[in-house]
Amino acid sequence: MFVELRDVSKRFGNFDAARKVSFELEKGTLAALLGPSGSGKTTILRMIAGLETPDGGDIFLDGQSIKNLEPSRRGIGLVFQNYALFRYMTVWENIAFGLKTKRTPKAGIKERVGELLTLIGLEDLAGRYPAQLSGGQKQRVAFARALAPNPRFLLLDEPFAAIDAKVRRELRSWLREMISRLKITSIFVTHDQAEAIEVADRIIVTNRGRVEQTGAPIELYRSPATPFVARFIGESTVVRNYNVLTGFENAPDGAECAIRPEFVRLFAPSEPVQYENSVQPGRVSAMAFRGDVLEVTVRVRDFSLATSYSLERPSLSVGDQVKVLIYRLYAFQGDQARLVGNSLLANGGGGYNFQI
Amino acid sequence: MAKAKRIIPGFGLTMGLTMSYVGFFVLIPMVSMALVTADLSFKEIVKSATDARVLSSYKVSFLCSFLAAAINTVFGTILAWVLVRYRFAGRRLVDGLIELPFALPTAVAGISLTWLTTNKGWIGGPLSKLGLEIAYTRVGIVVALTFITLPFMVRSIQPVLEQLSPDYEEAGRTLGAGSLTIFRKIILPELKPAMLTGFSLAFARGLGEYGSVIFIAGNKPFQTEIAPLMIVTRLEEFLYGQATAVALFMLAASFIIMFLVNRLQIRAARFVES
Amino acid sequence: MTTDAAETTAEGLVTPPAGVPGGSGESGGAAEEVKNILSEAERNFLSGRTGRGTETGSPTGAGRADSEAADAGARADGEDGGTGGTDGTTPRRGRRGHRQENPLIRGTLIAVSLVFAALMLVLPLLAVLSQAFGAGWDNFVRSVTDTFTVKALKLTLLTSLVAVTANTLFGLTAAWALTRYRFRGQGLLVTLIDLPFAVSPIIAGLIFILTYGRLGWAAPFLEAHDLKIVFATPGIIMATVFVTIPFVAREIIPVLAARGTDEEQAAVLMGAGFFRTFFQVTLPHIRWALVYSVILCSARAMGEFGAVSVVSGHLRGKTNTLPLHIEILFNEHHYREAFAVSAILVITSIVILTARSLVEWVSKKEEEPGVR
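Protein chains in written order, with the working numbering: chain A, 394 to 749; chain B, 5 to 278; chain C, 1460 to 1831.
Any given hint could turn out to be false.
Computed far set for chain B versus chain C, every beta-carbon distance over 10 Å [unchecked claim]:
(1) Ser-45
(2) Lys-47
(3) Lys-51
(4) Ala-53
(5) Tyr-62
(6) Asn-123
(7) Gly-129
(8) Pro-130
(9) Leu-179
(10) Lys-189
(11) Pro-193
(12) Glu-194
(13) Leu-200
(14) Leu-264
(15) Arg-267
(16) Leu-268
Okay, the calculated bits of chain C under chain B, using three or more residues with CB under 8 Å as the criterion [what the hints assert, rightly or not]:
(17) 1561 to 1573
(18) 1601 to 1607
(19) 1631 to 1639
(20) 1755 to 1762
These are calculated hints, taken from the structure and not from any lab test. Each residue gets a CB set at the ideal place from its N, CA and C atoms; glycine is no exception.
All chains, please: the whole structure from these sequences, using the hints.
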């Protein structure tokens, strides 16, 4: 493994920013540290960079412990949340800074900075000061500055947080492309699950200082290991006492589960249903047109479940009685989540049967 | 919050230098004062600090500082207002001159104000014909302290006025409020905390001021002798203990004032916020 | 009997201040009156005209945009510094607030301010200059080239140079230590740095006498090593240092605190050491605040009177600084000479004030590179 965190902990006063955090990453991976604010993700990033000292545990880079290494000797590049560009230096000087401290010969600096400026496409702006750049341009400069000393590992703290929504999309794919072109192992911190899913190869989900689950985006989506991940990744409705639902009678009292929209299928009263005994009555309580499908909220007993409904199907309107089939759901047991299928279906609800 | 390792370099160097410097120039001398105090009995301290002549010097100092601060509250506020809100010829000049009392050596201010207000001076001359005297009276002390403490008031109020959005006033105006009402009900409450700060700074500075006052005061015991001068007088008599006792009283007084005003200010600030 | 005397003086004293606020009361009264006299339409007309009149006086739209762009980026920098940060908002002030202001109130207030400023600020300056040069240039030159004056000038320059240099270095290190790290006792340290502002200069002098004076606890040690501090140049320098300690530190701490430590962290991560980080990354942010505070510190160091007076011992030609020399001349009724020497200091302080304004103006223009 190229990067490995082993039981890394950090406390600030009474606040546990990291509790026995462990994860591994292979070389060349672009990983996302995903979690709500205050979940410790930035602290973890700063500990890897060496800006924060862990209270316990160890951090390995390329098989070597870097815990006691000076931040500047770790071979890590860091893109700060607000870029932290040197405001009194030009773009060129900003990028060259890390090379100058390493006593790179002048010609070498010139070449490397020129190379990076070409990479980020800002050759013309080399003489500008950060205050004269747009958010996206600052982001690119910060990226180039972090890359200049040829780090083996790149860290990005909320790289898109300070950029407006329109540019953000563009910048995401730009960054994704850059990193895969450079093949540099990277971690970026984000609180936006959509961003993590779209950009990262692997996602490390953190919550309250702990790593909840590590895996490829699709893995996290398909088999969330904990209730938190089930809730945080993708859309779902959390339901308590779900043993009142048809097909899930075996569940214990008071248990909770998460139901994704695609786990729910609606049938108009006129439609035939293959397993008539596996459905339950529901009532359409809200409908919204989402362009290609209808987003339907259906009331089943005391629960409101969201699902989508094809326009090709018999038409529905608010207040209509429907038959609701719940294929499966994520049952929560303590701090674990488990996929449970509808017991009245022939194949027991099955699992996902797609591959990417 | 002590961290095992500090990321930004230079902690040892800068902390070491800072602590030694403060230790040498501030802590050690202040400790001497405590040492001398410890050598005195409580009775001695009270006796030296409440001697009739000393008591009257406190009275002069407090009274004159208070009046000077009060005068500056009025004129300092007007000056700040005019400088922030109006454009007129000479505005920049006046704005630049506000800091003159900070930049001008107090002794120069002292002799200049004295000369101006004696019965031969530009101001004292005409006034003496009316039977009014400034130099060598408490009025002179007030004049000197007003000069010295003027910048505190103006510079406390100016930033607040600059921050004050004209929207409030315009809102008030559209609701039909007159200028006086607007000032009393809208602007004054916003300025109060800053005025209190300015007042307390001016007052505290006035209590300690020496250079500008001793020339104009005349230094007549029981009449125009200020408390700092009492310390000097005792020192010149080599009565270090007595000098220290008076100094202690002055220090305590100025700390109490600062403390009280701080509390008032916090209250006022809370009121403004709500 | 003594109380009587005090009372009479106090009474005499009540008159001028009471009369002084009376002046403002008058302006208030005038305001009311004007409000009643003028009809609605007249007032609108007048205020409208005032509004336009000042609009031309205020900076152009472009200038405003500039200042706002600068605001967006570097306002938090607080480069304008604490005490004098007034010019930064100059383009903003008076833009709107007085649009509907009553012109009579406006006129009265400006007049009151100008008269007050003229009496309190301009007149003392003119008095010194007129007295100094009143007896002609030759007299002035003779007074200021007197041996004792030259010696006092030299001592003042030496004292100021040492005190300002020391306090500048201290201010920088203290500001760095207080804003770049968190440690126990930070508040206490700030209080100690502020202390000289709160203490009377006389007390500042007293504590050095108590420490290093003939009866001070350090006296045996000093005598054993044949060192003289009190009534000698070192004492004068130390007292001056004490009095001016807060100037630089207090000016720079808020600027650094407001800016955060991101840039320094980035520099460290890229392998920069203390000196490179300080000089290349931090110093550019605080250079104007630094220049500004050094100017103010110099002014105070040159003019310090109370503290120096206590520790000097008034040895003419040996421990007299310019302000002390002025005191002696004045007390010996050599008024002409006293004012001539004062003129040196007056001119110096005018230069200092001009420099201060200039620094403020320049720092506003260059608040952040690239923001034009």
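Now for the hints, and whether the structure bears them out:
no.: 1; hint: Ser-45; verdict: 18 Å, holds
no.: 2; hint: Lys-47; verdict: 20 Å, holds
no.: 3; hint: Lys-51; verdict: 19 Å, holds
no.: 4; hint: Ala-53; verdict: 14 Å, holds
no.: 5; hint: Tyr-62; verdict: 12 Å, holds
no.: 6; hint: Asn-123; verdict: 14 Å, holds
no.: 7; hint: Gly-129; verdict: 12 Å, holds
no.: 8; hint: Pro-130; verdict: 13 Å, holds
no.: 9; hint: Leu-179; verdict: 13 Å, holds
no.: 10; hint: Lys-189; verdict: 14 Å, holds
no.: 11; hint: Pro-193; verdict: 16 Å, holds
no.: 12; hint: Glu-194; verdict: 13 Å, holds
no.: 13; hint: Leu-200; verdict: 17 Å, holds
no.: 14; hint: Leu-264; verdict: 14 Å, holds
no.: 15; hint: Arg-267; verdict: 17 Å, holds
no.: 16; hint: Leu-268; verdict: 18 Å, holds
no.: 17; hint: 1561 to 1573; verdict: holds (count 8)
no.: 18; hint: 1601 to 1607; verdict: violated (count 0)
no.: 19; hint: 1631 to 1639; verdict: holds (count 6)
no.: 20; hint: 1755 to 1762; verdict: holds (count 5)
The structure does not agree with numbered hint 18 stated previously, though it agrees with all others.
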